[in-house]
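Given chain A, work out where chains B and C should sit, using these hints.
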Amino acid sequence: MSTAATTTAVPVRRRRGLPVVRQLKQAVGLQRGMLVAGLVLTGVFLLTAALADLLAPYGYNQLRDADGPFGAQQSPSGEHWLGTTVGGYDVLSRVIYGTRTALAVIVVGIVLSFFIGVLLGLVSGYFGGWLDRVLVVVADAVYAFPPLLLAIVTAIVISGGQSSLWGGIMAAAIAITVIYIPQYFRVIRAETVRIKAEAYVESAKVIGASHWRIMTRHVLRNATRTLPLILTLNASEAILTLAGLGFLGFGIEPTSGAEWGFDLNRALSDVTSGIWWTSIPPGLAIVWVVLGLTLVGESLNDLVDPRLRSRRAADAGETGEVTVVPGGTLGAGPAGLAGIEATR
Amino acid sequence: MTTTSTELTGEPATVPEAAPPTRRRRTGGGLGSYITVRFLLIFPTVFILVTTVFFLMRTTGDPITAALGGRLAPAELAERVAAAGYDRPLFTQYLEYLGQLVRLDFGTTLSTNQPVLEVLADFGAATLELAVYALIVAFVIGIPLGRFAAYARDRWPDAVLRVFAILCYATPVFFLGMLLKLVFSSSLGWLPANGRASTRTEILIQTSVDNPTGIYLIDAIKTGSGEAVRDVLEHAILPAVALGLLTAGVFLRLVRTNVIGTLGMGYVEAARSRGVGERRLLRKHAYRPALIPIITVIGLQIALLLGGAVLTETTFEWRGLGFQLSEFLQARDFVAVQGMVVLLAVVVAVTNFVVDVVAALIDPRVRY
Amino acid sequence: MSSTTGPVVDIRDLSVTFATDAGRVVAVQDVSLEVGPGEVLAIVGESGSGKTVTARSILGLLPETATTRGAVLLTRKDGSSSADVVTLKRSDLGDVRGRDAAMVFQEPSTSLNPVYKVGWQIIEGLRAHGGYSRAEARAKAIDVLRRVGIPEPEKRIDHYPHQFSGGQKQRIVIAQALVLDPGVIIADEPTTALDVTVQAEILDLLRRCRDEFGTAIVLITHNMGVVADLADRVAVMFQGRLVEQADVRTLFSAPREEYTKQLLGSVPRLGQGLARTQERAAARPADWAQAAPLVAARDLRIVYPGRLRAPDFTAVDGVSFAIRPGEVLGLVGESGSGKTTIGRAIAGLTKVTDGSLTVLGTEMNGVKEKRFRPVRERIGFVFQDPASSFNPLLTIAQAVAEPLVVHGRAKDAHEARGRVEELLEAVQLPTSFADRFPHELSGGQRQRASLARALALRPELLIADEPTSALDVSVQARVLDLFAELQLEYGFACLFISHDLAVVDILADRIAVLYRGQLVEEGTGEQVLGAPQHPYTQRLLASLPVPDPDEQAARRASWQSLA
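In the order they appear, the protein sequences are chains A, B and C.
Each residue of the first sequence is one higher than the one before, starting from 1 at the first, in our numbering.
Each residue of the second sequence is one higher than the one before, starting from 1001 at the first, in our numbering.
Each residue of the third sequence is one higher than the one before, starting from 2001 at the first, in our numbering.
Since the hints were made in silico from the structure, they are not lab data.
Bear in mind the structure is a predicted one, so any value in this text is a computation, not a measurement.
Worth double-checking, as some hints may not be accurate.
Listed below are the simulated BS3-like cross-link pairs for lysine-lysine, each with C-alpha atoms no more than 27 Å apart in a straight line [to be verified]:
hint: 1; chain 1: B; residue 1: Lys1284; chain 2: C; residue 2: Lys2117
hint: 2; chain 1: C; residue 1: Lys2370; chain 2: C; residue 2: Lys2411
hint: 3; chain 1: C; residue 1: Lys2089; chain 2: B; residue 2: Lys1284
hint: 4; chain 1: C; residue 1: Lys2155; chain 2: C; residue 2: Lys2140
hint: 5; chain 1: B; residue 1: Lys1284; chain 2: C; residue 2: Lys2155
hint: 6; chain 1: B; residue 1: Lys1284; chain 2: C; residue 2: Lys2140
hint: 7; chain 1: C; residue 1: Lys2155; chain 2: C; residue 2: Lys2077
hint: 8; chain 1: C; residue 1: Lys2140; chain 2: C; residue 2: Lys2117
hint: 9; chain 1: C; residue 1: Lys2155; chain 2: C; residue 2: Lys2117
hint: 10; chain 1: C; residue 1: Lys2077; chain 2: C; residue 2: Lys2089
hint: 11; chain 1: C; residue 1: Lys2368; chain 2: C; residue 2: Lys2351
hint: 12; chain 1: C; residue 1: Lys2370; chain 2: C; residue 2: Lys2351
Only chain A is shown next, with the shape it has when bound in the complex:
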């Protein structure tokens, strides 16, 4: 919405809107179900993070209340709905506070990698040349490297292995950044190279537009179409990386923050003795968040790609049978009807 008080018409943006809302309207059947489920799961996650102080019965590092210490490995009870951990913390409270750590890592990690990756990909893809080749080889090398190992190396650098809440969050977030810069770089670069060959970019070049104008006005805006879904998928991978680091002992100390992977690491020995309540709740929390984000990303992906989008079938006519050709696409589809120029 432009605030300029011009009398000329503001461009009418029909058939456009917030990306997710538009897709939600477009979706049908199974795909709609997946998208809605994903949005609900993600929404619950975000709400929990926002309201953690209200929802959690105890603090994440609380070991005792007025009645004395909680005790270690207590089974679920009225006081502790999901029992206590081997360290004597309340499991439910730690699961709830874990959403905050997870959200912080997602936000920091994605913001950092997003801007650096997009900028590099755009410049590299647009100008080409030796810088592009070097960056592509570097990005491919890093991309092919086991992400968890890279995260470990980065975590060592940042925290030296031990950490406070923000130290741990930054360690995980920067580890994720290092992994994802090449991914954003690759995606945006590939899009840029594709768009660069499109006629409208060549047409801008022929007009005499400067590189900067072409890059910002024509290439960037078109190259970022697929980003919402990459963002959701990377967010879910960020959670998994954080949990993996925590599980290997690069987590956040329980006194400074709640982190699911670290709790799972501590619960490893409990499993052998049949104690389920220390491992299942934090594990399910991870699955919950990753599942939610992935469902949103996957269904967005399907809806953006017309090949994968399912459509409402035409109502069966009174006579005849619907000819079923699974996955068949029609070369000259009915969209061609719109292609007829009105004879005036």
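Using the frame of chain A, we list chains B and C on its own:
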């Protein structure tokens, strides 16, 4: 998310869309030069990773301070640091490190005082064994189910399979491992929870096999004891399923998307117009062309599998490279960590090379 | 054309509806058609006329979003059985497809599976329809390959599709259809993706299919020349309905319906531009020929470097030509002839390798973008594909204002609004279109907007790269008219690139013919089209089917004598 870019270096597209058709994609001897170029590309890849890892790890300080800092008196610490040469300029150390790597010297661990290459020799077989089991699980589950999901597209079996695939991906391997242990080991008592074999079997292998391969299944078969083989397999089931399901989910989605993509191609329609049945269309026409991109992506999965192996081995105390790495991390032995990370980078780079060559060999457009 | 036995295809009251995002769309409505044995029925129409949907419904090859009503009766070639495709079950459809009716697609490169040998793909069809032993099937495949004109079929049967040229691939696709000996072949734009010289060969092959195998053909095409060349009977479709059906001679000589007349009138014909060219030549001042040319090429060479040890490709090889002020030079050639490359080099999109190319006083060989940028103000460019030449995120007004903003004539799109509306009026687009997005315009409308954008700065030189080849013929006619009017009004010089001789003839003062990167012939339309000197030009001209069955029959004879 399957952004597969098989391009080598992504050279800028100087040839416009209307490139003349007379120009063949690759002319005579194309495969040979492709393999050569692809092989040479291993070196910059490894070089970049070595450099990245070296400088990243040294920005924290030197490994000796990291491992022993606080436990030794400052003077003694400084002496040990100087003795190991960690007080010299970083770039000198970097060049020296590169020199070592060229001689295949990946460093010596601080905690066990053992060359890193020896660690690989001791524990590599275990990780290889686990990875192969996991790949078998992934192939057996992921590929047929992916084909089936594509066939049943948008009907309920497809919906179930897609949610299954997403769940495979959303569940961290270590959590899945712990769940499996809880159910099949602690509760039901059907399968062992930890390790690669029972102590009896390990002793049997050590005493009766002359040249143990380190791959327990082969060694157990060599002992001739059916009980040992059974024991080894029982120990392998849970870790293989935990690690395999992660990859199976990826395979399932990949196969489904690619097969659906090829099902929309003109040649499938053309074959259908000649009266070729739907099952055969799926089996022959959609599946095989879809295989080529799938194989390329499988190469990238190897990296994911190795990361997963670290977690799986830690969960199941499977004494392989990943378990060792996790031990070195606990011990803050960063020389060992660096050595192993670099070594794994080489393994990944070589595997990807092999996978790309295989993909090229299958594609007749490259082969001829 | 009367037939003694019953029709092989009998379509009765066919209606097809599609479900789309925008609701139900009727693609075909109440169409009834018959195809007799050995008859060639052409279904013509523009995009969206429903011709392809009608043809595909003969084989039941519609996507699952389609609902079909009516009946499509297919009869076996020997008349032994007949079935209604609309009501057939999926398993039974497989038996009918290929055996009773086979299909030839538009794109030969995508209708062959790249990972299987062509022989395997031919044999697959055979094995789907009955018991052939491996050796029998292979012998049959080799035989059919020979009959469609593939040399050395014994060896070529084991080659992969990418080892064949486009025309050969289409021959193989036809062989795949023929080997099953169907009663009818449905050919959906079988030559649209091919060059005109190859098109002539494929049309000849299709004619032989009918003559030697007795196969009926349903030919779907938008090209009236192809219709005149091959068809016995013609059905004209418009907006999903059958408009007119007639014998081919009757249709061309005495079209009954208004739409058919309009369609035939829009088809460009050779020699159409003669009067206009002469008129323009007469109006020129005497010293015009001495004026300094805007564009001059001397021994121009453009090479695309090869990758991975592949040899370099020389797209343009020693070409010399000139464009004088106010002159329209038509550049004609088939794909790979280098015509597009020349246009791109003039616009500074492709680097000159060797020789000299002067554009508005600037030498393009080794020019720096910085030096050329001021010159760009004086050049306009119209791209081939109207679908991709507009940034999908900008409105038409914003896109047309771009050149004005870039060259400082206006601060932003708002300020340029007045001029944008003037330009839209000049290209006969309603000014209300200014606030629309490109996807809300049809192809012809977009190409007009593209013309408006190119003319925004009143350029001295316009480069038009196949500006009408993606458009329907009636739309093309209107865009070409507009083009001629604007050229007269603005007086720009123009390089008009096209693969279609007849289109170039309408607009161009002079025509240059390119063949494999070399300029083989240049002259006025009268010289080049009337008395071609170079054998390639002669072949090109003879290959071009004209929209008149009798004249085309004569031309075919002369083409055969050239071959």
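Results for each hint:
no. : hint                      : result
1   : Lys1284(B) <-> Lys2117(C) : holds (13 Å)
2   : Lys2370(C) <-> Lys2411(C) : holds (22 Å)
3   : Lys2089(C) <-> Lys1284(B) : holds (22 Å)
4   : Lys2155(C) <-> Lys2140(C) : holds (14 Å)
5   : Lys1284(B) <-> Lys2155(C) : holds (23 Å)
6   : Lys1284(B) <-> Lys2140(C) : holds (22 Å)
7   : Lys2155(C) <-> Lys2077(C) : violated (31 Å)
8   : Lys2140(C) <-> Lys2117(C) : holds (15 Å)
9   : Lys2155(C) <-> Lys2117(C) : holds (11 Å)
10  : Lys2077(C) <-> Lys2089(C) : holds (21 Å)
11  : Lys2368(C) <-> Lys2351(C) : holds (10 Å)
12  : Lys2370(C) <-> Lys2351(C) : holds (14 Å)
In this structure, only the earlier hint numbered 7 is contradicted, and the remaining ones agree with it.
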